[in-house]
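Protein sequence lines correspond, in order, to chains D and U. Letter 5 of the first sequence, counting from 1, is numbered 5 in my numbering, and no numbers are missing. Letter 134 of the second sequence, counting from 1, is numbered 244 in my numbering, and no numbers are missing.
Some hints here could point you the wrong way.
If you only want the chain U side, here are some residues facing chain D, beta carbon under 8 Å, derived [unchecked claim]: (1) A162; (2) G165; (3) D168; (4) Q172; (5) L177; (6) E180; (7) D223; (8) V226; (9) D273; (10) P274; (11) T307; (12) R310; (13) M311.
Please keep in mind that the hints were generated in silico from the structure rather than gathered at the bench. Only a predicted model underlies this, so the values are computations on that prediction, with no experimental measurement involved. Ideal placement from N, C-alpha and C gives every residue a C-beta, glycine not left out.
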Amino acid sequence: MEIVESSHLEATVLALIGRLDGHSSPGATERIDAVLARGPARLVLDLSGLEYVSSAGLRVFLMAAKNAQTAGGSVVFAGLSPAIREVFALSGFLDVLSVQPTVAEAAVQP
Amino acid sequence: MSDSPTPPPDSALTLVEEMVLLALDDATGDLRPMPVMALEYSLASALLADLALAGRLDSDPQQLVVLSREPTGDSLLDDALATVAASPEPLPVAHWLRVLAGDSRALEKAARDRLVTRGILREEKRKLLWVFGVRRYPAADDRERVEVRTRLSALILGEDLPDPRDAILISLLKASHLVPHLFPEAAIQAREARIATLARMDLVGREVSSAVEAIVTLISSSALSLRV
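Let the hints inform the model, and build the full structure from the sequences given.
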């Protein structure tokens, strides 16, 4: 999995490209934790290049959102493909996580 | 299954142990009423979830895959890991739940023994009808059970995101129909949607729920056909 970091307005954007599974999850967690460790922040996870997410990958998303919530920041998920959106819906993630169509919308979400 | 009831030193409770603890009635130490096979499937699921959280297994709706065969140091988990790892190809979660549920009596016994070793339960032996020996497991130290119920109650009543482990536990408790035995009725009614959302956050938990409900439906329809 490739992870590309950029900025959009006040938000830090991590674009996750490829497969997020049990093998790539530890690396993704490390990158997300590094952003959250800089202080309360708005983190946008750009999933437009995400091809696959397993149960381990979903746990990475849940922990990222929970850790950000605890630290007074937020994580917003953007660019979900129909397949990834279906996984989010099945897991109830659409009900509890912040999801926006695009990175631009995620970066300015109140 | 390995005959080693001793938990690794200074280890936290596994999901298997936590499920057995919550499945026992606080006062009597007997198992609470649950649908047929619910405890079996839930314990099998708890094993898979413990292994997933330990980074040994991963899953999607099609298959359960082994990430690492490295032993965890917990004999109950390592036996299950060896069973799954022996398969020549990845198979669906539902398959492994059926396989591991077949060994759940031994698993439940091992988990009870560990809870006794940890000083959380005590074992009482008595005779039923002066002949049959039965064992009950009342609490020796109820702090662990109170702590987990308090934590899960706060999660159900609040809006905080769950950590993955608590989401799995709620999923297993709901699938086993144990939620009404553990939390106040008013809270359950008021937070039904929240409980349902938390319960479907984990794939293995959803698989257990499907398996248990299929059995409940099958038994209900069989009972109805017998009445007709």
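Cross-check of the supplied hints:
| no. | hint | result |
| --- | --- | --- |
| 1 | A162 | holds (6 Å) |
| 2 | G165 | holds (7 Å) |
| 3 | D168 | holds (3 Å) |
| 4 | Q172 | violated (10 Å) |
| 5 | L177 | holds (4 Å) |
| 6 | E180 | violated (13 Å) |
| 7 | D223 | violated (30 Å) |
| 8 | V226 | violated (32 Å) |
| 9 | D273 | holds (6 Å) |
| 10 | P274 | holds (4 Å) |
| 11 | T307 | holds (4 Å) |
| 12 | R310 | holds (5 Å) |
| 13 | M311 | holds (5 Å) |
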